[in-house]
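**Q** Chains as they are written, first to last, in the working numbering: chain C, 550 to 837; chain X, 125 to 385.
Read the hints as simulated data drawn from the structure, not as lab findings.
Predicted, not measured: the structure shown is a model, and the values here were computed from it.
Glycine is no exception: its CB is placed at the ideal position from the N, C-alpha and C atoms.
Treat the hints loosely; a few may be bogus.
Label-pair restraints from in silico Cβ distances [unchecked claim]:
#1 C:Thr733 <-> X:Asp151: 29 to 35 angstroms
#2 C:Gly828 <-> X:Glu131: 56 to 62 angstroms
#3 C:Trp735 <-> X:Trp142: 25 to 31 angstroms
#4 X:Lys264 <-> C:Lys734: 33 to 39 angstroms
#5 X:Lys269 <-> C:Asp598: 50 to 56 angstroms
#6 C:Gly828 <-> X:Asn140: 52 to 58 angstroms
#7 X:Thr207 <-> C:Tyr830: 40 to 46 angstroms
#8 C:Phe686 <-> X:Trp142: 55 to 61 angstroms
#9 X:Gly242 <-> C:Cys821: 39 to 45 angstroms
Taking lysine-lysine pairs in the PhoX-like style, the calculated list, with each CA pair at most 25 angstroms apart, reads [unchecked claim]:
#10 X:Lys147 <-> C:Lys649
#11 C:Lys734 <-> X:Lys200
#12 X:Lys200 <-> X:Lys357
Reference listing, derived: stretches of chain X covered by chain C, where coverage requires no fewer than 3 residues with Cβ under 8 angstroms from a Cβ of chain C [as the list claims (entries may be wrong)]:
#13 175-185
#14 284-293
These are the residues of each chain, in order.
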Amino acid sequence: MTKGNKSFEKAIKLFFSLAASATIVGLLLIIVYITKEGTLLFGKVNVFDFLFGKEWKPSSARFGALPLIVGSLVVTAGAVILSAPLSIFVAIFLTEIAPKKVANYIKTAIELLAGIPSVIYGFMGIMVLVPMVRQVFGGSGLGIITASLVLSIMILPTITSLAEGALSSVPDRYRYGALALGSTKWEMIYHVVLPAAKRGIISAIILGVGRAIGETMAVLMVVGNVAKIPESLNQPVATMTSIIALDISYASGLHKYALFSLGFVLLLLSMCFIAIVRGVYKGSYERV
Amino acid sequence: MNIKIKENAFEVRNLNLWYGKHKALEDITIDIVKNAITAIIGPSGCGKSTFLRCLNRMNDLIDGIRIEGKVYFEGKNIYDEGTDVVLLRKRVGMIFQQPNPFPMSIYDNVAFGPRLHGIRDRNRLDEIVKDSLEKASLWKEVKNKLNESALSLSGGQQQRLAIARVLAVEPEVILMDEPCSALDPASTQRIEDLMVELKANYTIVIVTHNMQQAARVSDFTAFLLAEENEPAKLIEYGETGQIFTNPKDIRTENYITGRFG
Ligand SMILES: Nc1ncnc2c1ncn2[C@@H]1O[C@H](COP(=O)(O)OP(=O)(O)O)[C@@H](O)[C@H]1O
Ligand SMILES: [Mg+2]
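Modelling step: build the complete structure from the supplied sequences, incorporating the hints.
**A** Quick look at the structure:
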């Protein structure tokens, strides 16, 4: 009996170890594959011509990715500028102001928001936002503003729930200490709680950026997909993700390599974001 | 005995307090004498902290709390509508059981209150920080590392920093909730010495379950007791010498001689 138990335990342990290694193997496979495929292009096209070339025209073998990189960055920046303050306000409301019951309803709503498929967001963008943006800002309605708006709602749950976690991990004794010194609630939040949660909030925003830059379907539906460096915010752009998704089904040869290279750039960017978040947290452990 | 008219900092009248349905304090009436140290003693869980928090309205933060009765501070009932609670807490400072320095520099911790109350001038702040740290007898130990994190200090130093932080807002009263319970004997000694120094200029109310401490430092002692399933009542209150040598109530005697609680 005991012996049987022991080998059973061993088997369980093995199983879990295998499952854990599978994630690492999966990650390595992706990195190796994308790196290998993503650098093939650079045998034929100069890396700098790819990264800084202003013309993306696969039909005439022009693979300047700058318009797409700029498109991704601008749309993401817009989304984060809109979403981060709002998310932080919501997080403050949830942890510092709302009664528990109300907070729980809102948290549920935010979870639901996070669970909605991105194609639905794209759909809502087309039906609701595109006409509104067209009216207010002119142009076709498809473009940077609409994409940023859609993305800002999509990353709101990410930033909000991570920021909320950061705020609620601030010990209450700081709050009591501040109030007992004669702070108002706002002074307490601004001078004590927010600074204490600063690193967590910054990480939340960076992870929001990562989520925004990788989002594909909803962006693809509302961004216009014109691979040109934009001159104003009501213009359509294309993003790295939207171009990969649109072109991958028919691309071949260099065009296909170029799409892999875009994927490679995305992968590097998201790894950078994770590294920054790690760095931010590591710093915080050293301090406290 | 020298004749001296005692002024009261607080006059608590028929104070009752409920946490939801649970009644925690019953009909507490007590005068807290100005520029003296008043110790609140009693078994753990009897409501000492609860009572203390009534004096600077920190209980307001607790959901479902209900308070009846009056607490006069310098002649005004602090539970009257229209009381400026923020100002009250500036005038009635509080030291907590667990040292709670903010995660910022030693300097910023002490300057926190003054900045809050509008002092921006760097020289003035430097002065206040130095002065408060000196009063809290911490200056010598930290004067060369004011910009280091307050979290790097020892527990005893952190508690003196908390006192400096409170002194920096120039309160009239300092409430202390078992300020030494997390500290070693040497740090405890320093805080007790400090309290005695401070009472010339401040009214101090200290909660403690350490009877020797109450006997050593306080001028007046109040004994709170919550008998089985009952809310806490003020059993006895008087000069510390009298309470410890000649208690009038048998329950006080039992408690201070260690027979229960
Ligand atoms: N925030 C709170 N919510 C509900 N009940 C509380 C709260 N704080 C204290 N109590 C209750 O009030 C009583 C007195 O507690 P407390 O004032 O902390 O006692 P002491 O400080 O003497 O140990 C206890 O029964 C405790 O459970
Ligand atoms: Mg207590």
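**Q** Compare the structure with each hint and give your call.
**A** Verification of the hints:
no. : hint                                      : result
1   : C:Thr733 <-> X:Asp151: 29 to 35 angstroms : holds (33 angstroms)
2   : C:Gly828 <-> X:Glu131: 56 to 62 angstroms : holds (58 angstroms)
3   : C:Trp735 <-> X:Trp142: 25 to 31 angstroms : holds (29 angstroms)
4   : X:Lys264 <-> C:Lys734: 33 to 39 angstroms : holds (36 angstroms)
5   : X:Lys269 <-> C:Asp598: 50 to 56 angstroms : holds (55 angstroms)
6   : C:Gly828 <-> X:Asn140: 52 to 58 angstroms : holds (54 angstroms)
7   : X:Thr207 <-> C:Tyr830: 40 to 46 angstroms : holds (43 angstroms)
8   : C:Phe686 <-> X:Trp142: 55 to 61 angstroms : holds (57 angstroms)
9   : X:Gly242 <-> C:Cys821: 39 to 45 angstroms : holds (43 angstroms)
10  : X:Lys147 <-> C:Lys649                     : holds (23 angstroms)
11  : C:Lys734 <-> X:Lys200                     : holds (24 angstroms)
12  : X:Lys200 <-> X:Lys357                     : holds (24 angstroms)
13  : 175-185                                   : holds (count 3)
14  : 284-293                                   : holds (count 4)
Consistency note: the structure conflicts with none of the earlier hints.
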